[in-house]
Every structure is written in C-alpha cells, then in structure tokens.
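Peer 1: Construct all of the structure, not just a fragment, from the sequences and the given hints.
Read top to bottom, the protein sequences are chains A and B. Numbering of the first sequence is given in the numbering used here, commencing with residue 1044 and proceeding in unit increments. Numbering of the second sequence is given in the numbering used here, commencing with residue 1044 and proceeding in unit increments.
Hints in this document: simulated from the structure, not taken from any laboratory. Among the hints, erroneous ones may be present.
Among chain A residues calculated to face chain B with C-beta under 7 angstroms, some are [what the hints assert, rightly or not]:
(1) Gly1069
(2) Leu1077
(3) Tyr1078
(4) Ile1089
(5) Gly1099
(6) Asn1183
(7) Ala1223
(8) Met1584
(9) Leu1585
(10) Asp1592
Straight-line distance between alpha carbons at most 16 angstroms, and here's what the computed EDC-like set of lysine to aspartate or glutamate pairs gives [as the list claims (entries may be wrong)]:
(11) A:Lys1091 <-> B:Asp1592
(12) A:Lys1274 <-> A:Glu1198
(13) B:Lys1580 <-> A:Glu1591
(14) A:Lys1132 <-> A:Asp1098
(15) B:Lys1274 <-> B:Asp1484
(16) A:Lys1292 <-> B:Asp1588
(17) B:Lys1292 <-> A:Glu1591
(18) B:Lys1292 <-> A:Asp1166
(19) A:Lys1541 <-> A:Glu1384
(20) B:Lys1132 <-> B:Glu1464
(21) B:Lys1442 <-> B:Glu1408
(22) A:Lys1580 <-> B:Glu1198
(23) A:Lys1292 <-> B:Glu1516
(24) A:Lys1292 <-> B:Asp1592
(25) A:Lys1091 <-> B:Glu1198
(26) A:Lys1292 <-> B:Glu1304
(27) B:Lys1292 <-> A:Asp1588
(28) B:Lys1091 <-> A:Asp1592
(29) A:Lys1292 <-> B:Glu1071
(30) A:Lys1580 <-> B:Asp1226
(31) B:Lys1596 <-> B:Glu1198
(32) B:Lys1274 <-> B:Asp1166
(33) B:Lys1129 <-> B:Asp1590
(34) B:Lys1091 <-> A:Asp1226
(35) A:Lys1129 <-> A:Asp1336
(36) B:Lys1292 <-> A:Asp1592
(37) B:Lys1364 <-> B:Glu1387
(38) B:Lys1496 <-> B:Glu1408
(39) A:Lys1292 <-> A:Asp1088
(40) B:Lys1129 <-> B:Glu1464
Yeah, the Cβ is synthetic: ideal placement off N, Cα and C, and Gly gets one too.
Next come the chains, spelled out residue by residue.
Number of protein chains: 2
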Amino acid sequence: MTYKSDIEIAQAVAPSDIREIADSCGVETNELELYGYNKAKISLDIFKRLEHKTDGKLILVTAINPTPAGEGKSTVTIGLAQALNKIGKQAIVAMREPSLGPVMGMKGGAAGGGYAQVIPMEDLNLHFTGDMHAITTAHNSVSAFIDNHIFQGNELGIDHVTWKRVVDLNDRALRQAVVALSDHNGRHARNDGFDITVASEIMAIICLASDMTDLKTRLGRIIIGFDYQQKPVTVADLGIVGALAVILKDALKPNLIQTLEHTPALVHGGPFANIAHGCNSVIATRLGMKLADYTVTEAGFGADLGAEKFFDIKCRAAGLKPDAVVVVATIRALKMHGGVEKAELGNENVDALLAGIPNLEKHVENMQAFGVPYVIAINKFVADTDNEVAALLEWAKAKGHPIALTEVWEHGGAGGVELAEQVVELIAKTPSHFAPIYDADASIVDKLTTIAKTVYGADGVRLTKAVERQIAEYERLGFDRLPICMAKTQYSLSDNAKLLGRPQGFEIHIRELRISNGAGFIVALTGAVMTMPGLPKHPAMLDIDIDEDGVVKGLF
Amino acid sequence: MTYKSDIEIAQAVAPSDIREIADSCGVETNELELYGYNKAKISLDIFKRLEHKTDGKLILVTAINPTPAGEGKSTVTIGLAQALNKIGKQAIVAMREPSLGPVMGMKGGAAGGGYAQVIPMEDLNLHFTGDMHAITTAHNSVSAFIDNHIFQGNELGIDHVTWKRVVDLNDRALRQAVVALSDHNGRHARNDGFDITVASEIMAIICLASDMTDLKTRLGRIIIGFDYQQKPVTVADLGIVGALAVILKDALKPNLIQTLEHTPALVHGGPFANIAHGCNSVIATRLGMKLADYTVTEAGFGADLGAEKFFDIKCRAAGLKPDAVVVVATIRALKMHGGVEKAELGNENVDALLAGIPNLEKHVENMQAFGVPYVIAINKFVADTDNEVAALLEWAKAKGHPIALTEVWEHGGAGGVELAEQVVELIAKTPSHFAPIYDADASIVDKLTTIAKTVYGADGVRLTKAVERQIAEYERLGFDRLPICMAKTQYSLSDNAKLLGRPQGFEIHIRELRISNGAGFIVALTGAVMTMPGLPKHPAMLDIDIDEDGVVKGLF
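Peer 2: Dropping the structure here:
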C-alpha cells in the first residue's frame, strides 16, 4: 500500500469558501477580512458582540517527551476537533502558525498530517496572512531605531543593547554578527546577532496580548538594553510604541482557516517553545471558546514544557481554565523511551514498551497535579502489534487512566471518534480544578524549584553564580514577580537530552536568566538554547518547486 | 485656508468594493484573489483570456530633475488617469509599490497626494499584499543557502560571495556587517551587508519577468559570487530556483487597488531607481494595456534616469511601445534650477524661472530623441504668480512645446482635464516613433557614451582602470550585450548633484560596473550609490500611531 504525501492529500480536498466556514461558527461576514477565499482574519470587534456569550470548553492536546519516532500532536489536535464534529459536537481548532525557516529547512510545516490537516497548507507554510513578516518588520524596526538613535547622538545614553535582530529563516551565519561598521569610522560597531522570528519577544507578546491596548502596553515594557546607569531602556523610552502597533495591527487579529473536514481552525501566533511559551495566541483561544462548544488547542514540545507553560504562563495571564487535557503518545515513541533505537521500531518489543511507559506516567501525574482531567490518546501506527497494544491498554486499565486509540492520520475525524467520545464524557463528568503550579509572587528560586521538583521530578535546582547575581538584579528592578518560562531540552524530563523515560536523582542546572518584560516572563535557560536554527546538509529548498500551472510540490 | 493631510483625505473616501473596480475594467471575479475588500491580486491566467485583445495606449509620466521643492510625479500620474476617466476615456494607473523603510523613515509612502491618491493608503504603505516581504524572504533564502553550503563543505567551491542580504527598512547599521562568526571557530567569517529590499536584484526580476517561466529563468541566471576558478556561481548552480519561485509565486501577480475617484490602479513592484530601473512591473503595465484604453505609468527620478531606463531597459525587454510622455515640472522647481533657494520660493522671480527652464528643455529634447510624443504638465501651486505662469507659457508657445496646467493635488481628476484632453489629442494625432537610444549589442563603452552624450548632454565618459578591467571581464564572460542601468545622482543631468539647470562641458565618471544577470542589465555606477538608506534624526516612526478604534495617524 502506498500512502499519499500530506501535500497531495491537502491539494485533493476542495476547501469550503471561508465565509461558509465563518458562518458555521457564528462569525459574521462584516467581521471577516478575506485573504483570498480560503483564509480570513477576524476583526477584534467580534469580542464586543460576543461579550455575554458563555465560553465553551477548552481542551489542551499535549504529549510525552518527543522522540525521533514522532508523536503527531498537531495531527491529533486537528483530528480530535474533526472527530468532535463527527459525533455532533461543535468544535474548533486553535493552533500555532508555522515559521518559514523550518519549512525551507528540515522540519517542514505545522499543518498536521495525513487526513488531519488544516488547509490551505501551502499558504499556511509560506506567507499565510503575513503575521510572521509583520513581526519581523516590527522587531527589526526597533533595531534600526536603536542604532540610529546611537548614531544620532544617543540622547538616552544607551550603554549596551540586548535586543537582537530577527529573520524568519534558518540562517546559521547570522547567529552572531558585527554591525554598525560603516559609519563614524566604526565607532559604534557592536556585536549583534539574529534570532529566528518566532523567538522574538514581539511574537510572544502578540500571543499573550488581550487587545490593542494591552499590545501597546506590552510593547512599551520591552527592555532593549541598559543605559550608562545600568537602568533598563524600554521601547516606551524610544517613543515608537505607536509605530510598532501600526505595523502589527493586522498581525494581532486571529486567522481563520479550516481542516480537511471543514472544521473551523484559528491558526494564530507561533512563539518558540524554548525562549518563549510555545502556544498560539490568547486572542485566538479566547475567540475559539466564544465561537464553539469545544476548543481544541496544543502547546509546543512535551507536557513538561508545553503544558506547563500553557498552564503557568498562558492560562495564568489570560485567566483561562482548561477543562481537559489529551496526552498524546505512540507505542513507537514509548519503545524509544524504553531504550529501542529508531531502526528497530518495526520489531515487536513489549518489554521496551513497558520500560518506556513511565515517561507517559509522569506526564499524566503532572496533569493530575495541575488539577485538569485527562485522557491518554495513543496515535496508532500500522506497525504496532496486538501484543503491544494489549500491554499498553492493560497498564492503563490497571492504573485507572482513561485511554483511547486514534487513527486520525489515516482516517481523519472518523479515526478519532473513540477519543472524542471519551473527552466529551470526561468533561461532562469530571470538573476541572485547574490551578497554576506556583504562585507568581513567590521568589524566583522558589518558582524554579517548584517546577523542577513537581513537574520534572528533579531533586532540585542548581544555580550558577551569574544566575544568583541576576536574581538579585531582578529583585532590585522589581522584575522577580513574573512567571518563569523554562528553556530546557524537550527530549527529556531532565535537562540532559539523553535521559529518556522517567529519570530520577537529577538536578536542573539554571545557567542564565533573561527578562521578557513585555511578554511578562523570566526565561530560565538550562543548557544551550538555540534561538536561530541552521539548515541541514540537504535543505528542503532543494526539493520545492512549482510547475507552470502553479501547482506546488515538495512542501510537507 | 487649512489643507487636510493626505491620510485624512484618503480616510474620508469610502473605497468601492474591489470586485466592482475589477468589473469596471473587465477583470472577472474568478481572476481575482481578494486581500480584504479593497485590494486584490490578479491571476496571470487573465493574459490567456485577453491574448487577442488589442492593447491600449501607454503613457509615461516623467519629470525634470527633482529638487527639494517637489514635483508631484506620482500625483500627476494618478490625477491624469482620474482626469481621463472624467472626460469619458477608460484609463488605468500602473505604478510602483512603496517600501516600508522610507515610510518609517523620512520620505513617506508613494500613494500620490491630495485628491490624487491611491487607496487604501495605509495598507499600501504598510504590508500591502506582502510582495516586499516575499522578495525579502526569497533574497535572504539565497543568502542562508549560500552560507550553509559553505558551512557544509562548499561543494561548489565558492570563493567569494557578491550576494548581500536585504531588509525592508532603513537600517544604516546593516550597511556593512561581519557574519558567519559563530561556527567552525569563525573560519567562514566574511564581510557582508544588507541592502534595502527594493535594491534586491529579485525585485528588479519580478518587475521585468513576463511570466512564471521567465521568472524562473531569470532567478536561475542570478550571479551570487565566484568560485575558485573565478567563474560565476549562479542561483541555478545552487539548485533552489524552484523554492524561490514558490516563495515568489504570489508576488509575481499584479495588485489591483483604486484611486480616490475609483479609477483602477495596478500597483506592483518597486525597484530602486539607482541600482535598478525604477519602474513598476512589466506584468502590470502589460495588463493595464489589455484592460484599459489608456495606461498611465511612471518611472523613478527625473527623465534622464527614469524615462531613459523605462525606454532602454523596460520597454526594450518587454517589447513595449510608449505612445506619449508627460514631463512634469513645477514653477517652484524650475526656479530652484534657476538658482533660487528653497526658502525664497514664495517670492515671484521670473528671471530665475527663465534661467531654470533649460533643465525642462533638455528633458523635452530627450523625449524627442526617443521619438515619443510629449506634453509638459505644470503642477500648479497657489504661490505661483500670474507673471511666472505667463512667462512659462510664453516660452512653451515660442518653442512649440505642448503644455498644460494641472491642479490635481487640489481638485483631483477635475484639476487635470486640460492635461487629459491634450494627451488624448496628442496620441490621436501624433504617432510614436519610439526606439531605444542605443543598440544593446553595442560595446559597453559605446552604450555608456551614447547615454552620456545624448541624454545627459555630456562631452563623454571617463572610466576608471577598474571599470576598464571589468569591461574586459564582462566581454570574456559574454555579459557585455546587456542594456546599461545608469546609477547617477537624480538631482543633476550631470554626475554632480550640485550642477542644476542644464549643465554643459562635463564628463560622466564611471566608477564601477555591477552585473545584474537575472534582471538582465549592467549597472554603471557614477559616484557613491546608496543601497541602504539611513533613518533621519527624527524618524517618521515617532509620529505614527493607532487609536483604540484602529484609526492610524502619522502615515504620509
């Protein structure tokens, strides 16, 4: 049996007119700003009209620690929404929009896969509605303004600039760059570097802002560097909040597209899951809850990073209360957590599966710690054997964990009916007692320790001297009452990517803190964090083409 | 009397639904790709449908050498099209789209002014339909690919890279940058720099390509540097033509908007007028001629640069035959060419006006040399005195030059009726004998000499030793049969910005040649050419804002 590629499947489906999709979820035509007939932005005025409407239920899809075997979290997110519609419920997807960098590089887009995709996938994976480009432009406008300010006399007395530039590409050569070489005999030359756009604090701000006023407040708070008195210099000090807000005015509006089964999908914002919180925008999630009875959303990486930040940063900031969590795993990935190499995944190995299950178990316990009802979703692959499936179900039954098998990649919504029914029943019967895992007003050390011990299962945290100095500095500046945004390897519950399964007896090493004052969190870096990916030996660009009829190939 | 600002005038007019505008010029709904209700892209399939339709007339609007007094070339372009419609003719505008850099910096947008503007001006001056962002992305994808290729082993043996990076901002600090510092211990570190996006060769290519196939051919021909044998390395050698074409697939389609009086306007492409040819896209101009009886277009800077390159590069490449030229001047600007300072322009000064007229006269003679019928358009200002107007009209009458006064800034199309009537009569009565001024197959020196002597009125050209070596090199590589793209100060007919009026007894100093092999021209640089503008002391960004109702202010 040969499978079609994702782009072939996507191109074979005729999308509904986006006005029909909008109508199906109660968005009025005058609230739509069309981008062609298959994409639209939604005016923020809609919130005024729907102010008194009761919010629908919010479902987070998260996963075990990712492995090279793949888990299919986006695919399950989309497939679950399709399945909910299939069983007669009104559901909507709220997910992130992809960066062009990985599309042209290696990872591919972020449109789901198989028969659980959002479309038009080419547009989504290319320029979409221009949000990434607007964020790039706003971000680099700040940089251009800063260097010009220094060039023109440096009235604000900027001593050093912490604000880097961005480009929405994987461009290794720009990680570090020396700029301002050509003027004033290079007197202002300085070290700089480019991050990928999705690592921009402005991306995180777009995703956390509640409206235009909040956007401007957050933009103004951004710290771009420090003056000669070592006082922070903000974007408000530069006087360009209004200009940035104008550049971002459309990027703030959520985008509406559809799944292959015409389920409405709000695809908006895509902050990096390491240097930022890795969730789609608060505005899109809130809008989903106003429009649908069930909003299915996701967060980057595994539950230790993605769900934790979704709960502790996004839900805290937006006052959201998630009603249920779906924890996605695959038998293949659990076997890798149990010690099997990727090449061996085709062979039945129940022992390895059982050895890998503790990774899933820890994430499930974490969901319990956050007080949110959960279901485990097993994304089924053809190679999974009956014995393996039986062993997994037996474990779940013994521990009393709700679990459902899904085949949404192969069958779309029809492959997720069992999961959808369990989720609906769970929400109906089990109230959520969601609460963040730490108090934002606690000390930085306390917050770090709570995350490390409770969520990662560590013995505690170890801070470098530099971090201790930074904590003292943040306390002096009054920046210590912010939530923590952990930047940790996604591959392990620990800060060592090699420790799979459920590691124990380890500490989390905090190497550096960074303040994202506009986004409203403190980034805690454990180990090196990549804010600008590189291209691989054979970039995807080499395989992308368009024919004379305008048909695109090679996007995935 | 107080005047409204351009943005106030523009915001006061309710645009027609772009589908109505499209319908008014024969674009079918299925050929439109809507970007909201006031902007659309037009599918290139339209050319197939209109293949056998007779082309309408093509009118170029150009000007005397620009001065700080302003001439209003874009305003006359838009106003003339409005006026043609006013007198019952079917007309369309074909003009360039602006770069964000100047919008955030100093120069402002490029939407015309007063009652002769295209709308929506905010969108046009911000992200519009994303063309600039697509070009930025395609350009920088080449850069990322090159540095990755070198990093991964440099199979092609790239010795030095001539391809720079771009950003669509005025960012002085990026003019020169050292990149690739962070990997392999900086072994691949190299000097690089950023141009503004409109200076990208890809922008010039978008504007000269006739269709997708031609776009790919031109992209493939781009020279990105030289290998160890000093042989050119092209984008085709890199193997990424298809990926770039996918990134650019929508940017290649012309954009349809409207004027304040609902005249259709194709606004597409905006190459720098120094390093490139400064005209809107061939595709948009050709489409205008298929859709309307009169297409009014413009070219950057004065007629010595803009019209010359429009004729010798764009019309030659596209096989276009312009039917008429409008040469725009103002009495204020002519007085500056006659030696008056800007502060003194309010005072009547007929002598200075007469002293400045030879600048206009030379440009008019040049239009005669190209064989294209012309009209002089005087953009009238309130401060122009009756004596000055009379002196100018008397000069025109004595020399037999057709001339018309226009007040399109203040009165829109109604202010351009006299001009429109003259243009229509001119085209009806006077056939165009257009031909380029030089043969592309002539030697580089011959081509340079012809432009310098015939168009600028110079005694000849003087080449540096470096240029002589480059010419020998281009002849060796077979690149010498391309048209020349002159990069010269726009303020003077000579290469010295201070020589106003009609200078004589000068030579043109050719300092450097650059090959734009994809665009298909050789750039000849006279003096320093700025490919990345800087921000002024008080950037426009400081005055741009958006209120809670989404109303933008400070764009101009």
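Peer 1: If a hint holds in the structure, say so; if it does not, say that too.
Peer 2: Hints versus structure:
Interface hint at glycine 1069 of chain A: violated, since its Cβ lies 21 angstroms from the closest Cβ of chain B, which is beyond the 7 angstroms cut-off. Taking 7 angstroms as the C-beta cut-off, the interface hint given for leucine 1077 of chain A holds, the closest approach to chain B being about 5 angstroms. The beta carbon of tyrosine 1078 of chain A comes within 6 angstroms of a beta carbon in chain B, closer than 7 angstroms, and the hint placing it at the interface holds. Using the Cβ-Cβ criterion of 7 angstroms, the hint placing isoleucine 1089 of chain A at the interface with chain B is not satisfied: the shortest such distance is roughly 13 angstroms.
At about 27 angstroms, the closest approach between the beta carbon of glycine 1099 of chain A and any beta carbon in chain B exceeds 7 angstroms, and the interface hint on this residue is violated. Contact between asparagine 1183 of chain A and chain B, as hinted, is supported at the beta carbon level, the nearest pair being about 6 angstroms apart and thus within 7 angstroms. A hinted interface residue such as alanine 1223 of chain A counts as satisfied when its beta carbon comes closer than 7 angstroms to some beta carbon of chain B; here the least separation is about 4 angstroms, so the hint holds. Checking methionine 1584 of chain A against chain B: minimum C-beta separation of about 4 angstroms stays under 7 angstroms; hint holds.
For leucine 1585 of chain A, the interface hint holds, since its Cβ comes within 7 angstroms of a Cβ in chain B; the closest pair sits about 5 angstroms apart. Hint status for aspartate 1592 of chain A: violated, given a least beta-carbon distance of 9 angstroms to chain B, over 7 angstroms. Taking the CA atoms of lysine 1091 of chain A and aspartate 1592 of chain B, the gap is near 12 angstroms; set against the 16 angstroms cutoff, the hint holds. Annotation: proposed proximity of lysine 1274 of chain A to glutamate 1198 of chain A holds, straight-line Cα distance about 14 angstroms (limit 16 angstroms).
Distance check on the hinted pair: lysine 1580 of chain B and glutamate 1591 of chain A sit about 48 angstroms apart at the alpha-carbon level, beyond 16 angstroms; violated. Restraint check for lysine 1132 of chain A and aspartate 1098 of chain A: the C-alpha separation of about 15 angstroms stays at or below 16 angstroms, so the hint holds. Of the supplied pair hints, the one linking lysine 1274 of chain B and aspartate 1484 of chain B is violated, its CA atoms being roughly 23 angstroms apart against a limit of 16 angstroms. A threshold of 16 angstroms between alpha carbons decides the hint, and for lysine 1292 of chain A with aspartate 1588 of chain B the separation of about 10 angstroms falls inside it, so the pair holds.
Of the pairs offered as hints, the one joining lysine 1292 of chain B and glutamate 1591 of chain A holds, with about 11 angstroms between alpha carbons and a cut-off of 16 angstroms not exceeded. Distance restraint check for lysine 1292 of chain B and aspartate 1166 of chain A: the Cα-Cα separation of roughly 11 angstroms lies within the 16 angstroms cut-off, and the hinted pair is therefore satisfied. A hinted pair counts as satisfied when its Cα atoms are at most 16 angstroms apart, and lysine 1541 of chain A with glutamate 1384 of chain A qualifies at roughly 13 angstroms. Taking the CA atoms of lysine 1132 of chain B and glutamate 1464 of chain B, the gap is near 10 angstroms; set against the 16 angstroms cutoff, the hint holds.
Distance restraint check for lysine 1442 of chain B and glutamate 1408 of chain B: the Cα-Cα separation of roughly 11 angstroms lies within the 16 angstroms cut-off, and the hinted pair is therefore satisfied. Only pairs whose Cα atoms come within 16 angstroms are accepted, and lysine 1580 of chain A paired with glutamate 1198 of chain B is accepted, the gap being roughly 11 angstroms. A distance of roughly 50 angstroms separates the Cα atoms of lysine 1292 of chain A and glutamate 1516 of chain B; the hinted pair therefore is violated under the 16 angstroms criterion. Distance restraint check for lysine 1292 of chain A and aspartate 1592 of chain B: the Cα-Cα separation of roughly 11 angstroms lies within the 16 angstroms cut-off, and the hinted pair is therefore satisfied.
Simply put, lysine 1091 of chain A and glutamate 1198 of chain B have alpha-carbon atoms about 59 angstroms apart, too far for the 16 angstroms limit, and the pair is violated. With a C-alpha separation of about 27 angstroms, the suggested pair lysine 1292 of chain A and glutamate 1304 of chain B falls outside the 16 angstroms cut-off, and the hint is violated. Restraint check: the Cα-Cα separation between lysine 1292 of chain B and aspartate 1588 of chain A comes to about 10 angstroms, which is no more than 16 angstroms; the hinted pair holds. Annotation: proposed proximity of lysine 1091 of chain B to aspartate 1592 of chain A holds, straight-line Cα distance about 13 angstroms (limit 16 angstroms).
Taken as a hint, the lysine 1292 of chain A and glutamate 1071 of chain B pair is broken in the structure, with Cα atoms around 31 angstroms apart against an allowance of 16 angstroms. With a C-alpha separation of about 15 angstroms, the suggested pairing of lysine 1580 of chain A with aspartate 1226 of chain B holds against the 16 angstroms cut-off. About 52 angstroms separates the Cα atoms of lysine 1596 of chain B and glutamate 1198 of chain B, which puts this hinted pair outside 16 angstroms; it is violated. For the given pair, lysine 1274 of chain B sits about 43 angstroms from aspartate 1166 of chain B by alpha-carbon distance, which is inconsistent with the 16 angstroms threshold.
Between lysine 1129 of chain B and aspartate 1590 of chain B, the direct Cα distance comes to roughly 36 angstroms. Violation of the 16 angstroms bound is thereby established for this hinted pair. Note on lysine 1091 of chain B and aspartate 1226 of chain A: the hinted pairing is violated, with a Cα-Cα distance of about 51 angstroms set against a maximum of 16 angstroms. For the given pair, lysine 1129 of chain A sits about 14 angstroms from aspartate 1336 of chain A by alpha-carbon distance, which is consistent with the 16 angstroms threshold. For the hint pairing lysine 1292 of chain B with aspartate 1592 of chain A, the CA-to-CA distance comes to about 11 angstroms; that is within 16 angstroms, so the pair holds.
Under the criterion of a C-alpha separation no larger than 16 angstroms, the hint pairing lysine 1364 of chain B with glutamate 1387 of chain B is inconsistent with the structure, at around 41 angstroms. For the given pair, lysine 1496 of chain B sits about 13 angstroms from glutamate 1408 of chain B by alpha-carbon distance, which is consistent with the 16 angstroms threshold. Taking the CA atoms of lysine 1292 of chain A and aspartate 1088 of chain A, the gap is near 13 angstroms; set against the 16 angstroms cutoff, the hint holds. A hinted pair counts as satisfied when its Cα atoms are at most 16 angstroms apart, and lysine 1129 of chain B with glutamate 1464 of chain B qualifies at roughly 10 angstroms.
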